[in-house]
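K.L.:
Construct the entire structure; sequences and hints are all you get.
Here the protein sequences come in this chain order: A and B. Residue numbers for the first sequence, in the UniProt record's numbering: 1 to 225. Residue numbers for the second sequence, in the UniProt record's numbering: 1 to 232.
Be aware that a few hints might be false.
Derived lysine-lysine pairs resembling BS3-like cross-links, with alpha carbons at most 30 angstroms apart [stated by the list, open to error]: (1) B:Lys112 / A:Lys126; (2) A:Lys55 / B:Lys186; (3) A:Lys56 / B:Lys41; (4) A:Lys107 / B:Lys112; (5) B:Lys230 / A:Lys107; (6) A:Lys82 / A:Lys29; (7) A:Lys49 / B:Lys223; (8) B:Lys212 / B:Lys223.
The hints are simulated quantities; they were obtained by calculation from the structure and are not laboratory data.
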Amino acid sequence: MAANQEEVKLLGVVGSPFVCRVQIALKLKGIEYKFLEENMKNKSELLLKYNPVHKKVPVLVHNEKPISESLVILEYIDETWKQDPILPTDPYQRALARFWSKFIDDKVVSAAWKAVFTVDEKEREKGVEESHEALEILENELKDKKFFGGDEFGFVDISAVFIAFWIPIVQEVAGLKLLTSQKFPKLYKWSQEFVTHPVIKEVLPPRDPLFAFFKELYENLAASK
Amino acid sequence: MAQTDLKLLGGWFSPFALRVQIALNLKGLDYELIEETLNPKSDLLLQSNPVYNKIPVLLHADKPICESAVIVEYIDETWTNAPSILPSNAYDRANARFWSTYIDDKWFTPMKSLLMAEDDEAKKALFGQMEEALERMEDAFNKASEGKPFFGGDTIGLIDIAFGSFLSWLSVIEEMNGRKVLDVAKNPALAQWAETFAADPAVKGILPETLKLLEFANALKLKWAAEAAKAK
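P.N.:
So, in C-alpha cells, the structure goes:
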C-alpha cells in the first residue's frame with residue numbers, strides 16, 4: 001500500500017453526494033488523503049487548475065495528477081489500490097455495474113433534483129413521476145440482494161449513496177414521498193442497511209446541517225416565485 | 001475465427017452502434033448484425049434492453065450488454081488480444097473515460113439539438129458550444145496522442161471510438177447548415193486525425209455515407225416537426 005500512498009488529495013465540498021462517493025471508496029480501502037474543502041461560489045486556483053474543463057468537485061489528485069468525474073475516479077481508485085475491490089472481476093458483472101451506475105446518474109439524480117428544486121409546478125410533477133419510474137426500476141434490479149453488489153456493497157451501491165442519504169433529506173424538505181418503504185420496500189431496506197454500514201456511516205456528512213442547507217435552498221426558490 | 005455467439009442490435013444511422021462495430025472490428029470478431037429500424041422496435045430489442053429500449057445492444061451468448069461505452073469496455077475486457085482499446089496505465093484509462101463522457105455530454109448534446117433547431121439565434125449558440133468542445137478535444141488530442149496518429153496512440157482507442165463515431169453526423173450538420181465546424185485552419189490536428197480515423201481498416205467499410213445520412217436526417221427532421229405540430 002505504501003508505494004501508492006504517496007500523496008492523495010481530494011478537492012470537494014462536504015454536502016456533495018458525488019464527493020461522498022469518492023470518500024467511501026477511499027475509506028473502504030484505507031487510503032489516507034488530504035481533504036481540500038472548496039467554496040463553489042469562490043472556486044480556488046487549485047480547482048481551476050485541476051479541473052479546467054468542468055470546474056467541479058470531486059477532483060482526486062494522486063501524486064499531482066488530477067482525475068475528475070466521480071465514477072471515473074471510483075474506477076481509478078479501484079485499479080490503483082487493489083484491496084477491498086469495488087468492481088467485480090467478471091467482465092459481464094462489471095458491465096452490469098457500470099450500466100446501473102450510469103442509470104443512477106442519468107435517470108435518478110436529475111429527476112430527484114427536478115422533483116424538489118424546480119419552481120415550475122409541471123416540471124416538478126414530471127420530476128416526481130420520473131423519480132418514481134427510476135426507483136421502481138432499481139427496486140426490481142435489487143431483488144432480494146442485501147446490496148446491489150451482493151453480500152457486500154460495491155460500485156453501484158456507492159453510486160447510489162445519493163438515493164440512500166440525500167433523497168430522504170430532500171424529500172422531507174419538500175414534503176414529498178420519493179423513497180418510502182411502502183412504495184419501494186426492497187430499496188428502502190437497502191438504504192437503511194447502507195447508511196448504517198460501519199464504513200459508510202463514518203463517511204456520510206452530518207444530517208442536520210445538510211437538511212438546513214437544502215431547506216434554505218428550497219425556501220429561497222419558493223420565495224423567488 | 002467463427003464467433004457465432006455475438007449479435008449486435010444496431011442501426012446503420014446510429015453513431016452509438018458504430019462504436020460497437022468499430023470495437024468488434026478492432027478485435028477481429030465475427031458477429032451477426034441485426035439492423036433495427038426502430039419503427040417498430042423489435043421484440044428482441046425490447047426484451048434485451050427493457051430499461052431504455054435503445055440500440056446498440058450486444059448479445060454475447062444471449063447475455064445482453066447495453067450502453068455503447070459499457071459495451072466497448074466489455075469487449076476490451078473480454079477479448080484481451082491486441083489492440084487494447086483502453087490504455088494499460090490507470091491514469092490514462094481515467095483520462096480516456098473522462099473524455100469519452102465529455103464527448104457524450106458536450107459534443108453530442110449540442111449536435112443533436114442543432115439537428116432539431118430552426119431558430120438562427122439558437123443555432124448560433126449551439127455552433128458556439130460545438131466549437132468550444134472542438135477546441136478542448138484538439139488540446140486533449142495533442143496531449144493524449146503524443147505525436148501518434150490516434151488519441152489511443154498507434155492504434156484506435158476509446159476516445160477515438162467515442163469521437164470518431166460522430167464524424168458522419170458532423171458532415172451532415174455541416175452540409176445542412178452550409179458551414180464547416182471541423183476546420184483544418186482552426187483544428188489542424190483533429191482534421192488530420194479525422195482523415196486517418198475514417199481510413200482505418202476497422203472503420204472504413206462501416207461509416208455511413210454522408211448523402212444517405214443526410215436524407216435520413218432530413219426525413220427525421222420532418223418527422224419531428226410533424227410530431228411537434230401535432231402536440232401543439
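K.L.:
Assess, step by step, whether the Cα of Lys112 of chain B is no farther than 30 angstroms from the Cα of Lys126 of chain A, and give holds or violated.
P.N.:
With Cα atoms ~23 angstroms apart, Lys112 of chain B and Lys126 of chain A stay inside 30 angstroms; holds.
K.L.:
For Lys230 of chain B and Lys107 of chain A, compute the direct alpha-carbon distance and say whether it is at most 30 angstroms.
P.N.:
holds (27 angstroms)
K.L.:
Measure nothing beyond the straight line between the CA atoms of Lys107 of chain A and Lys112 of chain B; if it is 30 angstroms or shorter, mark the hint as holding.
P.N.:
It holds: about 19 angstroms lies between the C-alpha atoms, which stays within 30 angstroms.
K.L.:
Would the pair Lys49 of chain A and Lys223 of chain B pass a check requiring their Cα atoms to be no farther apart than 30 angstroms?
P.N.:
violated (45 angstroms)
K.L.:
Holds or violated: Lys82 of chain A with Lys29 of chain A, Cα cutoff 30 angstroms?
P.N.:
Distance ~8 angstroms between Lys82 of chain A and Lys29 of chain A Cα, so the pair holds.
K.L.:
Between the alpha carbons of Lys55 of chain A and Lys186 of chain B, is the straight-line distance 30 angstroms or under?
P.N.:
holds (25 angstroms)
K.L.:
What's the verdict on Lys56 of chain A and Lys41 of chain B, does the C-alpha distance respect the 30 angstroms limit or exceed it?
P.N.:
It is violated: about 38 angstroms lies between the C-alpha atoms, which goes past 30 angstroms.
K.L.:
Against the 30 angstroms threshold, does the CA-CA distance of Lys212 of chain B and Lys223 of chain B hold or violate the hint?
P.N.:
Roughly 17 angstroms between the alpha carbons, so the hint for Lys212 of chain B and Lys223 of chain B holds.
The structure fails to meet hints 3, 7 from the earlier list, while all remaining hints are met.
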